[in-house]
Amino acid sequence: GESVGLHLPTLSVQEGDNSIINCAYSNSASDYFIWYKQESGKGPQFIIDIRSNMDKRQGQRVTVLLNKTVKHLSLQIAATQPGDSAVYFCAETLGSYSGAGSYQLTFGKGTKLSVIP
Amino acid sequence: EPEVTQTPSHQVTQMGQEVILRCVPISNHLYFYWYRQILGQKVEFLVSFYNNEISEKSEIFDDQFSVERPDGSNFTLKIRSTKLEDSAMYFCASNRVGYTFGSGTRLTVV
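Line order of the protein sequences matches chains C and E. Just so you know, my numbering puts 77 at position 42 of the first sequence, and the rest follows in order with no gaps. Just so you know, my numbering puts 51 at position 50 of the second sequence, and the rest follows in order with no gaps.
If you are wondering where the hints come from, they were derived from the structure by calculation, not from laboratory data. Treat the hints with care, as some may be off.
[To be verified] Covered by chain C, according to a simulated footprint, are these stretches of chain E (three or more residues, beta-carbon under 8 Å):
1. 12-18
2. 39-47
[Claimed, not checked] Going by beta-carbon spacing under 7 Å, a handful of chain E positions derived as facing chain C:
3. PHE66
4. GLY99
5. GLY105
Note that CB positions come from ideal geometry on N, CA and C, so glycine has one too.
The task is simple: from the sequences and hints, build the whole structure.
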């Protein structure tokens, strides 16, 4: 089975509303989690990351929440804009992440976010 | 902003043919990767490369696949005898800390 997965394959939101994209992971040893945005025809683009010693991290209009008890990760996008329309993936590293060096990412299936103008 | 560059953007090949996918990682990055994404599915790890050798590889990366850093800038993925199921987007990535992905090569095997 997959180590990282997503609850919803598609999400439609009204422009200006907040979006919440969820992700479940199964590996308790995972140490580092990243959210990526993938637009059509492009590679995954880094949005925000979080280490397992944190439960919340904020960026510009985005917040990642980590609940290690239930192995759940979420991405919140505030005031969603048409340019946010894309597929969003969560990814985890297997095992300990030292902050640098070589590490392998395990991706979830992705949630397609559509923003309605 | 530095980019990972991949060429070609789209490659069509006949089953059984060899293909080479090319990547130019970010110049001061030390770790290089190939991932693939079959249409509609998740991104999957293929191989990581450091100090001119493979550091990790997945079950997907069988004997038909090889990687090479032939000079100081290019990083290539070769598939010796392509199969229909090799059709996918192939992403190159590099990092010192956080990953940067290229825009991918869409490989279509016919």
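Problem - Non-conforming hints, listed in increasing numerical order - result: Numbers 1 and 3, in rising order.
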